[in-house]
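Protein chains in written order, with our numbering: chain A, 43 to 421; chain Y, 43 to 421.
Any given hint might turn out to be false.
For identical chains, the list gives no copy identity; a pair is met inside one copy or between any two copies.
To be verified - Calculated cross-link-like contacts (lysine to any residue; reagent style SDA-like; alpha-carbon spacing at most 25 Å): (1) Lys140 <-> Val119; (2) Lys255 <-> Gln74; (3) Lys79 <-> Lys352; (4) Lys249 <-> Leu259; (5) Lys255 <-> Asn145; (6) Lys359 <-> Ala75; (7) Lys191 <-> Asn272; (8) Lys87 <-> Ala64; (9) Lys349 <-> Val80.
Derived from the structure by calculation, the hints contain no laboratory data.
There are 2 protein chains.
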Amino acid sequence: MNRKERLFTPGPTPVPPEVLLAMAAPMTHHRQAAFEKVFADVSEKLKTVFQTSSPVLILAGSGTSAMEGAIVNTLSVGDTAISVNGGKFGERWGQIGKAFGVNMVVINVEWGTVVDPAQIEEVLKAHPRAKAVFTTLNETSTTVLTDVKAIAAVTAKTDAILVVDAISAIAADELRMDAWGVDLVVAGSQKALMLPPGLAFAAVGPKAQAMMKSSTLPKFYLSFDKALKNLAQNTTPYTPAVSMVMGLSKSLDAILAEGMEAVWERHARLAAATRAGIVGMGMELFSKRPSNAATSVKLPDGLDGGKLHKKLRDEYKVTCAGGQDHLKGKIERIAHMGYYDQFDVLIVIGALELALKEMGADVKVGEGVAASQRYFASV
Amino acid sequence: MNRKERLFTPGPTPVPPEVLLAMAAPMTHHRQAAFEKVFADVSEKLKTVFQTSSPVLILAGSGTSAMEGAIVNTLSVGDTAISVNGGKFGERWGQIGKAFGVNMVVINVEWGTVVDPAQIEEVLKAHPRAKAVFTTLNETSTTVLTDVKAIAAVTAKTDAILVVDAISAIAADELRMDAWGVDLVVAGSQKALMLPPGLAFAAVGPKAQAMMKSSTLPKFYLSFDKALKNLAQNTTPYTPAVSMVMGLSKSLDAILAEGMEAVWERHARLAAATRAGIVGMGMELFSKRPSNAATSVKLPDGLDGGKLHKKLRDEYKVTCAGGQDHLKGKIERIAHMGYYDQFDVLIVIGALELALKEMGADVKVGEGVAASQRYFASV
Numbered sequence: 043m044n045r046k047e048r049l050f051t052p053g054p055t056p057v058p059p060e061v062l063l064a065m066a067a068p069m070t071h072h073r074q075a076a077f078e079k080v081f082a083d084v085s086e087k088l089k090t091v092f093q094t095s096s097p098v099l100i101l102a103g104s105g106t107s108a109m110e111g112a113i114v115n116t117l118s119v120g121d122t123a124i125s126v127n128g129g130k131f132g133e134r135w136g137q138i139g140k141a142f143g144v145n146m147v148v149i150n151v152e153w154g155t156v157v158d159p160a161q162i163e164e165v166l167k168a169h170p171r172a173k174a175v176f177t178t179l180n181e182t183s184t185t186v187l188t189d190v191k192a193i194a195a196v197t198a199k200t201d202a203i204l205v206v207d208a209i210s211a212i213a214a215d216e217l218r219m220d221a222w223g224v225d226l227v228v229a230g231s232q233k234a235l236m237l238p239p240g241l242a243f244a245a246v247g248p249k250a251q252a253m254m255k256s257s258t259l260p261k262f263y264l265s266f267d268k269a270l271k272n273l274a275q276n277t278t279p280y281t282p283a284v285s286m287v288m289g290l291s292k293s294l295d296a297i298l299a300e301g302m303e304a305v306w307e308r309h310a311r312l313a314a315a316t317r318a319g320i321v322g323m324g325m326e327l328f329s330k331r332p333s334n335a336a337t338s339v340k341l342p343d344g345l346d347g348g349k350l351h352k353k354l355r356d357e358y359k360v361t362c363a364g365g366q367d368h369l370k371g372k373i374e375r376i377a378h379m380g381y382y383d384q385f386d387v388l389i390v391i392g393a394l395e396l397a398l399k400e401m402g403a404d405v406k407v408g409e410g411v412a413a414s415q416r417y418f419a420s421v
Numbered sequence: 043m044n045r046k047e048r049l050f051t052p053g054p055t056p057v058p059p060e061v062l063l064a065m066a067a068p069m070t071h072h073r074q075a076a077f078e079k080v081f082a083d084v085s086e087k088l089k090t091v092f093q094t095s096s097p098v099l100i101l102a103g104s105g106t107s108a109m110e111g112a113i114v115n116t117l118s119v120g121d122t123a124i125s126v127n128g129g130k131f132g133e134r135w136g137q138i139g140k141a142f143g144v145n146m147v148v149i150n151v152e153w154g155t156v157v158d159p160a161q162i163e164e165v166l167k168a169h170p171r172a173k174a175v176f177t178t179l180n181e182t183s184t185t186v187l188t189d190v191k192a193i194a195a196v197t198a199k200t201d202a203i204l205v206v207d208a209i210s211a212i213a214a215d216e217l218r219m220d221a222w223g224v225d226l227v228v229a230g231s232q233k234a235l236m237l238p239p240g241l242a243f244a245a246v247g248p249k250a251q252a253m254m255k256s257s258t259l260p261k262f263y264l265s266f267d268k269a270l271k272n273l274a275q276n277t278t279p280y281t282p283a284v285s286m287v288m289g290l291s292k293s294l295d296a297i298l299a300e301g302m303e304a305v306w307e308r309h310a311r312l313a314a315a316t317r318a319g320i321v322g323m324g325m326e327l328f329s330k331r332p333s334n335a336a337t338s339v340k341l342p343d344g345l346d347g348g349k350l351h352k353k354l355r356d357e358y359k360v361t362c363a364g365g366q367d368h369l370k371g372k373i374e375r376i377a378h379m380g381y382y383d384q385f386d387v388l389i390v391i392g393a394l395e396l397a398l399k400e401m402g403a404d405v406k407v408g409e410g411v412a413a414s415q416r417y418f419a420s421v
């Protein structure tokens with residue numbers, strides 16, 4: 043085939059060649075000065091990415107390991123906690139909490155829509171002993187952006203901590219942990235941090251650290267207490283994913299050289315151009331409050347979304363992500379988090395126009411890419 | 043410096059350039075046929091490495107995550123289990139079990155010595171309701187090899203499962219999971235599997251799978267049940283460490299091309315030559331039942347082990363590992379698990395002779411490497 047493989051999945055995302063090469067360096071031992079220096083350096087730089095002065099833990103694991111860590115390190119059996127289920131990842135907060143014996147009060151919102159911070163306030167009033175509120179900054183399954191800033195203003199007035207899954211949003215959507223008053227943020231490596239999957243992160247603020255003291259849920263591998271103590275010595279309790287940390291050092295350098303404001307602004311631009319392209323070709327957006335990390339196209343009724351996904355992937359070598367659970371076949375999700383630039387938007391919008399056309403959809407071929415271009419020219 | 047950096051630590055170990063380059067390939071998405079094919083293939087090949095027909099789970103995490111998984115997936119609060127503490131990693135079994143509310147009966151053996159299988163039998167008789175026995179094939183902190191085969195013959199006659207930490211021993215020391223009757227084996231990527239740290243493995247035999255049904259310890263990220271169900275679909279419940287799996291594919295190809303018997307035999311040869319070199323230079327071995335994965339030198343009384351370690355590392359660029367806990371400064375540990383050949387033995391023995399000499403030890407410079415050479419010539 044004379045087509046290049048291109049990845050537009052909301053994790054894993056493309057990894058810059060410089061990062062891949064940094065990861066391919068000869069192995070070093072983690073308990074020696076050279077590595078500890080890198081570890082200390084990336085730990086410090088992560089604070090800027092999370093916009094916090096609190097420690098950011100680096101775990102060897104998928105994003106879900108950090109989500110579990112956020113629960114088992116702050117809560118105890120029988121505690122009440124609130125979570126928002128507006129998609130597959132918000133749903134996961136409830137599942138993990140229940141698996142560990144937490145009384146989870148789940149706020150269900152229609153997938154594609156966003157939770158109203160006022161509803162969080164109400165539920166907190168109805169459950170005044172709730173110890174935590176679990177939300178998702180970018181709900182990857184719907185590409186909906188939660189208003190974390192407004193929710194933090196609510197939780198700040200209570201004893202509950204606010205825990206945010208920023209796995210797919212960190213370094214894509216604006217997140218100001220300290221300024222907004224978020225208490226615990228978890229993230230993953232394989233999204234806008236431009237790394238392969240395998241590292242998870244947890245930034246633990248003072249209110250969450252205080253809550254750790256009374257938590258009795260069992261933990262060992264994911265003990266934040268042990269990880270915090272080790273972090274103070276520039277190390278981890280268990281062998282860190284050394285090559286991933288070396289890659290992280292490279293990717294954080296790129297992110298910080300650009301600057302967080304500029305990184306968020308770039309994602310905002312790519313997201314706006316992607317949305318303009320979708321609307322321009324005559325399609326609809328699925329998310330009612332779109333994130334800047336990824337964009338969902340609502341597919342026309344009757345169009346076989348599975349077939350579209352496969353056509354994009356197999357014929358155009360443009361791999362996006364389909365819908366999950368009841369959204370299967372109904373939406374197609376396009377990532378623009380991390381290692382993407384404006385011409386990548388032309389590629390994915392271009393492929394989408396052609397694939398939709400071939401499937402008989404009422405699509406204006408050329409109008410999508412034109413709309414994206416006009417947007418880029420306007421900013 | 044005109045000296046090359048060389049790693050002789052018992053994890054991480056050197057990674058072959060071919061594996062590093064395989065890991066540096068452009069990122070692919072984990073939920074598509076190309077990756078699922080690789081995943082299915084490595085899962086199958088791992089069975090040969092573990093010498094089992096049971097499924098081998100691939101987890102994103104350090105080896106400790108698989109140890110925790112072995113406990114939380116088979117036991118319940120208040121269950122009794124037996125563990126052997128003959129070093130830092132055997133000790134960890136007890137710590138994890140206690141963290142999750144398991145009544146751990148710990149058999150303490152002097153570090154450097156090995157547990158007698160008859161003692162396991164006695165303790166099992168004294169605790170007939172014990173559900174599991176936790177052991178360590180190569181106790182990395184002491185380089186002692188446990189007689190797992192004999193212990194398996196004991197546990198096979200009981201209802202208890204035998205769980206083996208083979209993190210640093212897999213593909214180095216002989217281990218025949220099915221033939222010996224081991225029920226659950228955990229391993230890590232950064233040892234003889236010749237990969238960076240970041241993957242953990244759990245091979246779960248039928249007796250362990252049966253015990254999973256009654257286990258009520260809380261689990262989510264480390265749920266073996268979910269992982270087994272996903273494995274049957276050639277995938278994982280949570281995003282796998284994609285690049286690590288690509289590297290694993292390459293390293294397993296190398297291991298299986300050599301063949302497990304030949305791999306064990308190579309490690310036996312390297313270990314024997316290393317021991318010959320140590321004895322040849324006039325030093326003593328620390329381990330009473332040495333593994334083939336790593337070798338410990340007992341340092342002469344009065345010699346500053348910390349200083350020796352630093353001299354080897356900083357002046358000779360030969361990084362070994364010192365002793366842990368009460369063995370700190372008293373032993374130096376040399377890895378030969380994974381990507382090592384016979385000339386690597388000459389390097390580490392050569393560096394050790396010179397460094398010891400410079401520190402005033404009574405060492406016969408040249409006799410160590412000569413003894414290693416004579417051993418190689420003899421086999």
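Status of each hint after checking the structure:
no., hint, in the structure
1, Lys140 <-> Val119, "both (10 Å within a copy, 17 Å between copies)"
2, Lys255 <-> Gln74, "neither (31 Å within a copy, 43 Å between copies)"
3, Lys79 <-> Lys352, "between (45 Å within a copy, 17 Å between copies)"
4, Lys249 <-> Leu259, "within (18 Å within a copy, 28 Å between copies)"
5, Lys255 <-> Asn145, "both (19 Å within a copy, 24 Å between copies)"
6, Lys359 <-> Ala75, "between (44 Å within a copy, 13 Å between copies)"
7, Lys191 <-> Asn272, "neither (31 Å within a copy, 37 Å between copies)"
8, Lys87 <-> Ala64, "within (17 Å within a copy, 28 Å between copies)"
9, Lys349 <-> Val80, "between (45 Å within a copy, 24 Å between copies)"
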